[in-house]
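Q: Here's the letter readout for the chains.
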Amino acid sequence: MLRFVTRRLFLLVLTAIGITLVTFVISHVVPADPAVLIAGHNATEHTLELVRHQYGLDKPLVTQYLDYLNGILHGDLGMSTYSRRSVVTDLAAYLPATVELVLVAIVSAVTIGVPLGVVSAIRKGGVIDHFSRIFAIAGSSLPLFWLGLLLQLVFGGTLKILPLTGRLSPSVALPPKTTGMYTIDSLLAGQLGTFVNALEHIVLPAAVLAFASLSLIVRVTRSSMLEVLSQDYIRTARTKGLSRRRVIVRHALRNALIAPVTLLGLQLGYLLSGVFLVEVVFSWPGIGFYSVHAVQGSDYVAIMGVTLVVALIYSTINLLTDIAYLAMDPRISYET
Amino acid sequence: MTRPLRKISFRLLLYASVIGLTAVGLSACGQSGAKTKSSAANGPASNAPLVIDLGAGNAEPSSLDPDVDYDNGDYGILSQIYDQLVSASGTTSVSIHPSLATTWSSSKDGLTWTFHLRPNVHFHDGSLVNAKAVKFTYDRCLKMKQGGWADFAEVKSVDAPDPLTVVFHLKYRFSSFLNSLSSVNNGNIVSPTTLLKHQVNGDLGAKWLYNHDAGSGPYELTSWTHGQRIELHKFPGYWRGWKGNHASKVVFQFTAASATQRLGLENGSVDAAIGLSPQDFSALAKSSSVVVQNHQSLFVQYLALNCKKEGPLKNRLVRQALAYSVNAPHVAKFVWGGFATVAKSYAPTGIPGYVESPIQYKFDLAKAKKLLAQAGYAKGFSVDGVIIAGDQMGSLVYQLWQSDLSKLNIKLNIKPLPYPQFAKLQQKASTSPDIISNAWGLDYASDFAIYYQFLYSKATSVQGNWAYYGNPKVDAILIKARAAGQANSPAVLNLYRQAQKISYGDAPYIPMVQEPARIAIRSNVHGYQYNLGETPYDFNVYNMWKS
Amino acid sequence: MHLSAARDFRARHRRALKLASRPTSLVAIAGVVLLLVAAVFGTLIAPYGSSKLDLAHALQGPSMRHFLGADELGRDVFSRLIAGARYSVVSAASVLTIALVVGTLVGALAGYFGHAVDEILMRITDVFLAFPSLVLALAISVTLGGGLQSAILAIGAVWWPSYARLVRGQVLGTKSNDYVEAARALGVRNTRLLVVHILRNCMTPVLVQLTLDIGNVLVTFAGLSYLGLGAAPGSPEWGATISDGQIYILTAWWIALFPGLALYLAALVLNLAGELVGDILMPGRSTRLGSDAGRRRRFGLRRGAPAKPSPPREALDF
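Residue numbers (the working numbering), protein chains in the order written: chain B, 97 to 432; chain R, 103 to 649; chain Y, 3 to 320.
Bear in mind the hints are in silico, worked out from the structure with no lab data behind them. One should not assume that every hint holds.
Facing chain R, according to a computed beta carbon distance under 8 Å, are these residues of chain B, among others [what the hints assert, rightly or not]: (1) R148; (2) H149; (3) Q160; (4) S179; (5) A188; (6) P192; (7) F251; (8) G252; (9) K256; (10) S379; (11) Y386.
Glycine included, each C-beta is placed from N, C-alpha and C at the ideal position.
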C-alpha cells in the first residue's frame, strides 16, 4: 500500500510539472502585447518598456519558464492584467463560490442518484426503474448551458419563484466571511434569512450541474448493483435464509457502491468543466466566471492561472479517490 | 470502515432527502414572498440600502484608483467617493458648476488658470481639502501617466500659493480646460495624507488605493466583492451636509443579466438599473411599480474606416459609398428599439460646440453603387469589420449592415476582438482593422474631446482617430479652434462646421446614431436626476432616497 | 468452411438488424439521418436564407410565417437552426479527425516500440488527461485567437489522449500475436507490420469510440461557442445563437431555446447511435466501471488484456 501511494505521489509530481509546462507553452503563443494592458493604453513606449522589464517579458523563454515554475512554487501565479491584482488573490476570492457549487451538486447527485439506482436495480422492470433509465438516457447528452437557460426561464421568468443569477440578492447583506461559501457562512453566523436567500440562488445552478452527473450515477449504480446481486455469494446468503433487506444492506450495497465512488473521481473532471458553463449562465462569481471574463480581456495570465490550479486540484483529488478506492476494496491487486 | 454503510438504510436516506428538499423549497418560496411584501409595506426606509444594478456590460471597475481606471463604469462609483474642482451637469445640455472650487478665472492669454477653493472641506480621513491636496492630485495623475491622464496633457505645472488657491500653468491655450476638470476619468481630488501614509516604494499609494478610498465625497467605501458588488456608506462629515432626504447606504451590483435586472426591479430587490436590453426596458415601462426614463447619452455610435491602409477603403469614393449604404434609421429602430436618434454630426447633441454637419448621408444604395463603379469596385470586395468582444450592439449593427452590403457585392466579415488585441493592432495603420464599430464615450462634455480626437491627424493610436484620417486643411481649422475662446461662440461653431464639411466629404467615419441613456427606477425611489455630462453609470445617489 | 463463413455472416447480419429494430435504435438512426440531411442539404430545405433579414417581423414568436419564430433582425430561427447543423457536423468531424490521427500516431508508436518511447508518450498523454476538457480547450482556444479554427484545434488537442490509450492497448494486445510474429519472421518491415497488420485490428474499438464521442464533441464545441470562442457572433452555429439569444430570454425565448433543443436532440441521437454501433460491433463490451476490466485499467496496465473502449472522456460530457 505504501509503495503504491508513494509511486502515485511521484507520478502526481511529474504530472504537475507536465501541467505547468503545458500551461506555460500555451500562454507563450500569445499574440497580444500584455505590456499594453498592464500599463494602460495611454502609456508611452517608455512605460511599456519598463513594464516589460518588470514583468520579465523580455527574457528568453527558458528563463521565463524557470521563473514561472519558481513563482508557482512560491505561490505566485502572476498578476491579472484585468483585475490588476495577483491571480492568487483573485482565485482565493472566486474559488469558494465554485467549491460551494460543486459540493452542493455532488452531494445532491449522490444523495438522489445512488438510492435511485439501487431501487431501480432491486425492483428491476418497475416504475422507478423505467423512469431512471429514461432519465439516464435523457441526461447523458444534455447541454448544461441550455438546461440552465431553460430552468431560468421556467423557474425565474415564468413561475418567478427562484432568482435567475448571482449568489445573493443585492438587498441582502453578505454573511461574515469564514469559508467564503455563503450557505455555510450564514448558517454558522445564525443568519437564517441570508441562508435561505443563498440557498434560493444556488438551487438552479447546482441542479443543472448535478443533472447529467445524476443520470450517470443512477445508471452505474444500477448496473453495479445488478451485477453484484447476480453474484454467487448473494445467492448463498439468500439460501442461507437471510432476509432480502439484510442481504442488500449488509452485503450487496457495500460492494455495489464501489463503482459510483470510483465514478466520483471521473465525475469531478466533468463537473469542473461543466461548472465553467453553469457559472456563465447564472453569473455565478466563481473561477469559471472569472476565467471566461478573463477571456474577454485577453488576460492570459489569469486564464493560465485558473487552468493550472484546476488541473492540479483535479489530479490531486483523483489520487485521493484512487487511494480511497484501494482502501475500500482490498481485492484489488495493484501494480507496483 | 464498513460499519456506517451497514447501519444506514438507504430507503430512510431517500425519504429524508426528499423531505429535506421539500422543506427548504417551501421555506424559500415563503421567504421570497415575504420579501416582496415587506418591501411594499416599507415606511421611510432609511436603513435599507439603495440598490443600483449597473448591468453586465463592463460596469465593474478594474481599480478604484481614480488615476488608474479608464473604464465605463468606474466613474459611477468614484463620483460617490470623490469630488472634483468643478462638476458638469445638465439633462439635455451640459454646463459647469462649482464643486470644490467656488470661483475661478483665467489669464488673458489662457495659459494661467486660478481657482479659489471652498473652505472647511474635509477628506474622509479628516484632513483638510486644500491647495496642496489639489496640487498633489494633479502631480500624481501626470506622474503615473495611466488611465485618462492625457486629458491633462496641456498642464505644465500646478502651484499652491496659499491653502485655498490653486494655479494651473498650461503649455498652450486650451479652450476646454475648464470642462476637462470634470472629466469622468480624472480630476478626482485625493487625500495626500492617506496616500502618503500607505505609500509603498514611492508608488504614491497606488497599490493601496486599488481597493481603498482617499476621497472627500459623500460616500465611503464599505467593501468591494469582486464579480458581485461594491457597498458604500455615508460620510457624516461631507461638506454639503445631510439635512433632508439622502440615501445613507448604497449597493452597486454588477454582472447581472438584463433578465435578472428586470425581475429584480419588478420584485423590488433592485431600486434602479441601467444596461437592460431595449426589449426589457420597454416591458418594464408598462409596469406600474417601475418608471423608465429615456434620455440622450453622449455616446455616438459610429463606424471608423481605415483611410491609410492599402485597400479599397483608401479610396475616398469607396468610403462615401459605404456611408450611403448605412441605414441609420434602421439602426436606431432595430438595434436600439427606437430610442436612439440619428446622428447629424460627429459630436453628440448637448455638448458645447455641437454643430450639425453641412453634409449628410442618407441611405441610398443606388448612389452607393454608382460611386463604387466610379471607383472601379463594381465587382465588390471583401472587408473585415471589427468589434470589441462582448459588444452585442456593435455586432447587431454589422449584421444589419451585412445584408445591405451584400447587395453591393461587398462581403463584410464580422470579427470580434478582445480589447488588448485590438489595442495592439490599432497602433499601426497597416495592422489596424479595416472597419471598426464603436461608440465613442467622451471623457468630458466638450467639442475638443470629439472633433479633435476624431479628426486631428496626430491624435492617432488608441487615444483617438481610429480611422487614421489626416487632412491638413482640417488640422489647421482644429488648431485654430483649440486656441479660440468659448466653444459656443459663433466663430468657433463656424470653424467646426467647416471642419465637418471637409471631413464628411472624406468620409473617414460614418456616425450612425446617438445612443439613448435609459434608466429604470422603482416608483418609490425619489431624487434621481439624469446627468448628460457624465456617463449613464453616474447616479446622483446623494440626492436619492426611497420611501 | 465456405458455408459456415456465410452462415456466420448472415447470423451477424441478422443480429445487427435485430438490434437496430429496437425502438430507441430506430429513433437514433432516423435522428442521425435527419441531422446529416440538414447538414448537407440545409440550404435547399430551409424556408429562408440563414442571414435573410425580415425586419418587419423582428422578435416575433412562432407563427405561420416563421415556424420557430424570428430573431432580433427578423431572421428565421428554423432556417438558422438548419444552417447551424452544418457547422456542428463539420466541426465535430474535424475535431475527431484530428483526435484520431494524433491519438493513433501516439498510441501506435507507444504500443509498438514500448519501453522508453512508451513511457514518455504515455506520460504526455497523462498530463493532457489531467486537465478537465473544457478548461484546457478554453485556454488553448484563447491563445490561438478564439475563432472557429482555434476551437476545432483546441478541442482536438483535448480529445486525442483517449484514442492514444485505446490504440496503444490494442497494439500491445496484438503485437505478440502469432501471425504478427510470423510476418516478422518472414522479414516484413516494422512500419508495414504496424500499419497493415496491427492497426487493422484496432479499427473496431476505435470506430466504436468515435461514434460514442461525436455527440459529446458536438456539445463541447457548442459550449465553447457559447462562451464566445468558436463561431463568431451572428453566425447560425447553435452555441453562438444560444449566446446571442440569451439576452432575449424573457421577451423572445425561442431565439435561444430552439437551437439548444436542436443541440440536445442531436447529441442524444448521436449518443444512442453510438451505443447501437457499439452493441453491434462489440457485443461483449463493458461500460461499467465497477467491473474487473475497469479496475485493471485504472491502476496501470503494462501487459495483458487490451483495453476495451472506455466510456466517453470523463465518462460524460455536456
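Q: Now tell me if each hint is right for this structure.
A: Status of each hint after checking the structure:
no. : hint : in the structure
1   : R148 : 13 Å, violated
2   : H149 : 15 Å, violated
3   : Q160 : 19 Å, violated
4   : S179 : 6 Å, holds
5   : A188 : 10 Å, violated
6   : P192 : 11 Å, violated
7   : F251 : 11 Å, violated
8   : G252 : 6 Å, holds
9   : K256 : 7 Å, holds
10  : S379 : 5 Å, holds
11  : Y386 : 7 Å, holds
Checked against the numbered hints listed earlier, the structure breaks hints 1, 2, 3, 5, 6 and 7; every other hint is satisfied.
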